[in-house]
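A.B. asks: Here is what each chain is made of, one letter per residue.
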Amino acid sequence: DAGITQSPRYKITETGRQVTLMCHQTWSHSYMFWYRQDLGHGLRLIYYSAAADITDKGEVPDGYVVSRSKTENFPLTLESATRSQTSVYFCASTEGFVYNEQFFGPGTRLTVL
Amino acid sequence: QKEVEQNSGPLSVPEGAIASLNCTYSDRGSQSFFWYRQYSGKSPELIMFIYSNGDKEDGRFTAQLNKASQYVSLLIRDSQPSDSATYLCAVSGGGADGLTFGKGTHLIIQP
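Protein sequence lines, in the order shown, are assigned to chains P and W.
Take the position in the first sequence, starting the count at 1, then add 44; the result is the number in the numbering used here.
Take the position in the second sequence, starting the count at 1, then add 28; the result is the number in the numbering used here.
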């Protein structure tokens, strides 16, 4: 199916463990984004990518690593998970570099114990 | 730091009436403006975007932009119970940068 998918949809992990959240889009959009959504903070940008092998930090990048070896994939890794990284993570993409309308994946709910 | 402000609500509107949602933003350089709808437990869904001053209509939805006042609004005509959701206002500085979101307005349409 065309669109943007995320996996896993739900994840429970422990403090200090490495976790990777996957994002895959079939639109061939150049630009991809990772956001986290927390009560009281709304959606905040973690990292984004303009193309394969081009990534840049957003508002809250600390503790996260991204890569983009293929245009369609944009994984987000928490190198050593902390409780403060408990959140809902959304991946988004856009080809509209003029208007930047972004389309979101279904999200991953991550709980760090 | 860019900021987007929305009244958190809840905003309660009778079915069939017009719902009016408002948003202000701090960065005068903002170029594009978006309204997303988010149902509980779901991802944000793009419903409107606007980039020029004035009104833009799409079905029951009208987005309004006033760059001089740094103000964006969304009108929903003939409100339906299915419109009950959180509405997120977002702005872009131009190009494909990340969006800056408001915290959202919780809209309740009363049958």
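In short, the hints are calculated from the structure, not lab data.
Since the structure is predicted, the reported quantities are computational estimates derived from the model, not experimental observations.
Don't be surprised by glycine CBs; every beta carbon is placed ideally from N, CA and C.
Check before you lean on any hint, since a few could be wrong.
Anything over 12 Å on all C-beta distances counts as not near chain P; from chain W, calculated [what the hints assert, rightly or not]:
#1 P38
#2 L39
#3 Q66
#4 F77
#5 R88
#6 T90
#7 Q98
#8 L103
#9 R105
#10 Q108
#11 C117
#12 D125
#13 T128
#14 I137
Calculated pairs, DSSO-like style, for lysine-lysine (alpha carbon to alpha carbon, straight line, at most 30 Å) [unchecked claim]:
#15 W:K70 - P:K114
#16 W:K95 - P:K114
#17 P:K55 - P:K101
#18 P:K55 - W:K131
#19 P:K114 - P:K55
#20 W:K84 - W:K70
#21 W:K131 - W:K70
#22 P:K101 - P:K114
#23 W:K131 - W:K30
#24 P:K55 - W:K95
#25 P:K55 - W:K84
#26 P:K114 - W:K84
#27 W:K95 - W:K30
#28 W:K30 - W:K84
#29 W:K30 - W:K70
#30 W:K95 - W:K84
#31 P:K101 - W:K95
#32 W:K95 - W:K131
#33 W:K131 - W:K84
A.B. asks: Next step is simple, just say for each hint if it's right about the structure.
C.D. replies: Hint by hint, here is what the structure shows:
The claim that P38 of chain W is not at the interface with chain P holds, since no C-beta of that chain comes within 12 Å of its own (minimum 15 Å). The claim that L39 of chain W lies off the interface holds: its Cβ sits roughly 17 Å from the closest Cβ of chain P, which is beyond the 12 Å cut-off. Annotated as non-interface, Q66 of chain W brings its C-beta within 12 Å of a C-beta of chain P; the closest such distance is 9 Å. Remark: the non-interface label on F77 of chain W conflicts with the geometry, its nearest Cβ contact in chain P lying 5 Å away (cut-off 12 Å).
Annotated as non-interface, R88 of chain W keeps its C-beta farther than 12 Å from every C-beta of chain P; the closest such distance is 19 Å. T90 of chain W, annotated as away from the interface, keeps every beta carbon of chain P farther than 12 Å; the closest lies near 17 Å. A cut-off of 12 Å between C-beta atoms confirms that Q98 of chain W is not in contact with chain P; the least separation is 18 Å. Annotated as non-interface, L103 of chain W keeps its C-beta farther than 12 Å from every C-beta of chain P; the closest such distance is 20 Å.
With a cut of 12 Å on Cβ distances, R105 of chain W stays outside the contact zone with chain P, its closest approach being about 22 Å. At roughly 23 Å, the least C-beta separation between Q108 of chain W and chain P is larger than 12 Å, which holds for a residue marked as non-interface. Under the 12 Å C-beta cut-off, the non-interface status given to C117 of chain W relative to chain P is violated; the minimum distance is some 10 Å. Non-interface status of D125 of chain W relative to chain P is broken: a Cβ of that chain comes within 12 Å, the nearest being about 7 Å off.
For T128 of chain W, the non-interface assignment is contradicted: its Cβ lies about 8 Å from the closest Cβ of chain P, within the 12 Å cut-off. The Cβ of I137 of chain W lies farther than 12 Å from every Cβ of chain P, with a closest approach of about 22 Å, so its non-interface assignment holds. About 27 Å separates the Cα atoms of K70 of chain W and K114 of chain P, which keeps this hinted pair within 30 Å; it holds. At roughly 38 Å between alpha-carbon atoms, K95 of chain W and K114 of chain P are farther apart than 30 Å, so this suggested pair is violated.
For a cut-off of 30 Å, the pair hint linking K55 of chain P to K101 of chain P stands: about 24 Å separates their Cα positions. Using a Cα cut-off of 30 Å, the hinted pair K55 of chain P and K131 of chain W holds, with the two alpha carbons roughly 24 Å apart. Distance hint between K114 of chain P and K55 of chain P is fulfilled; the C-alpha atoms sit about 24 Å from each other, no more than 30 Å. Taking the CA atoms of K84 of chain W and K70 of chain W, the gap is about 26 Å. The hint holds against a cut of 30 Å.
The suggested pairing of K131 of chain W with K70 of chain W holds, with an alpha-carbon distance near 15 Å, which does not exceed 30 Å. Between the alpha carbons of K101 of chain P and K114 of chain P the distance comes to roughly 19 Å, so the proposed pair stays at or under 30 Å and holds. Pair hint K131 of chain W plus K30 of chain W holds up; C-alpha atoms about 13 Å apart against a cutoff of 30 Å. At most 30 Å may separate the alpha-carbon atoms for a hinted pair to count; K55 of chain P and K95 of chain W exceed this at roughly 42 Å.
Restraint check: the Cα-Cα separation between K55 of chain P and K84 of chain W comes to about 40 Å, which exceeds 30 Å; the hinted pair is violated. Restraint check for K114 of chain P and K84 of chain W: the C-alpha separation of about 36 Å exceeds 30 Å, so the hint is violated. Taking the CA atoms of K95 of chain W and K30 of chain W, the gap is about 15 Å. The hint holds against a cut of 30 Å. For the hint linking K30 of chain W to K84 of chain W, the alpha-carbon distance of about 24 Å falls within 30 Å, and the restraint holds.
Proposed proximity of K30 of chain W and K70 of chain W is supported: the alpha carbons are some 26 Å apart, at most 30 Å. With a CA separation close to 14 Å, the supplied pair K95 of chain W and K84 of chain W stays within the 30 Å bound. Of the supplied pair hints, the one linking K101 of chain P and K95 of chain W holds, its CA atoms being roughly 28 Å apart against a limit of 30 Å. This hinted pair checks out: K95 of chain W and K131 of chain W have alpha carbons roughly 20 Å apart, not beyond 30 Å.
As the CA atoms of K131 of chain W and K84 of chain W are separated by approximately 23 Å, the hinted pair is consistent with the 30 Å bound.
Hints 3, 4, 11, 12, 13, 16, 24, 25 and 26 from the list above are not met by this structure, while the remaining hints are.
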